[in-house]
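Enquirer: Residues 341 to 677 (this note's numbering) are what the sequence shown spells out, left to right.
Be careful, since some hints might not be right.
Estimated spans, in silico, between C-beta atoms of each pair [said to hold, decoys possible]: (1) Met-536 / Leu-561: 31 to 41 Å; (2) Glu-610 / Lys-565: 52 to 62 Å; (3) Trp-547 / Leu-630: 35 to 45 Å; (4) Glu-414 / Thr-445: 43 to 53 Å.
Hints were generated in silico from the structure; no laboratory data involved.
Glycine included, each C-beta is placed from N, C-alpha and C at the ideal position.
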Amino acid sequence: MPTKPLNLKEISLEIDRFNKAQLNLYDCQEDYKKKVGLSGHTRNNLPFHPKALETELNDIKVEHFDRLSRNYIEFLAKEKFLQCILQEPPLEITELDDTVAREKTLKKELERYIQQVDDLGKQIAKLALSIEQKRSKTQTIIEEATDTFDQIIQVEEEIARIDNIVAKQSQRTIEEAKSLLVRQTEDITKLNKVMMEKKDSIGDHKWRIEDLEEEVRQLQLDADKIKAEADNAIHMSRMKDERVEVNYNQYIETTNLCNQLFGVDKIEFESNSMIHLYLRNTVLHVEIDLIKNQIHNVKITGTTVPIEDFVKVAQQTSANEGIRIITLETLARLKRL
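Take the sequences, apply the hints, and build the full model.
Expert: Next up, the structure:
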């Protein structure tokens, strides 16, 4: 009776042994005779009754053929199983190649985004330096204009002093009065000339200030555009990477530096539609309508400066332009306090 194989390697040996097994019942008959005691007995000393022997023979036949049937079914099932295992797969495995190709593509795209972030960081640093230089020039021109106004005030005070002296000196001769009048006329003419020169200088300074302010506004627009491109590049990468995190933090620090140059201490994004701008001891709370891309509401804390007039103007423009208007106007009014 063949035994059940322990592993797949013994299946071929079992199949060969099964094929070589004898199909006659001679060996089985000898075994049967030994079991029932027929090999060493005669007809006179048989140990069992013929009916009992027939019954036992039938039982052995049934058990033997049952085992043969089960073994055949097991071998047939093992053969089918081996055929299924050893046959060629119906489909080619290409998913791994696609995954590797996609991984290479994503790595190249990530490297491109990292390079964009580096370039944008350098551009922001250059813009920050340029803005600081323009701000210094503007401050110098403002100081010069202030000095000019102070000189004009001094000239006006001098004219008032001369008028006071003339009013007090009424007891003079005609010659003395004429001589004094000539001197005073010459002094007034000189003062008028100086005043006209100072006024012309003030006009030139005003034009220079307006040109510098326009240049600063253009630089701010360029910085906003670069910031939007950097945000888009970081958003499109969608992959965590240490270099991306470091470059992004450098970009945030550079952006904060640009904001501080204009008087903005810090900018916090509570959500996509809520922004908090910290200006000295004042905080602007700006709520944005994302659907219309316009400012929905603005609140100010830490000061009593009125902002309702330019908030209405800002609500008629885009969100970015509105935030710029509100920030600049608020800073200007805070400086007047």
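Enquirer: Now, for every hint given, state plainly whether the structure supports it.
Expert: Okay, the hints, checked on the actual structure:
{"no.": "1", "hint": "Met-536 / Leu-561: 31 to 41 Å", "in the structure": "holds, 38 Å"}
{"no.": "2", "hint": "Glu-610 / Lys-565: 52 to 62 Å", "in the structure": "violated, 24 Å"}
{"no.": "3", "hint": "Trp-547 / Leu-630: 35 to 45 Å", "in the structure": "holds, 41 Å"}
{"no.": "4", "hint": "Glu-414 / Thr-445: 43 to 53 Å", "in the structure": "holds, 52 Å"}
Violated hints amount to a single one, hint 2; each of the other numbered hints is respected by the structure.
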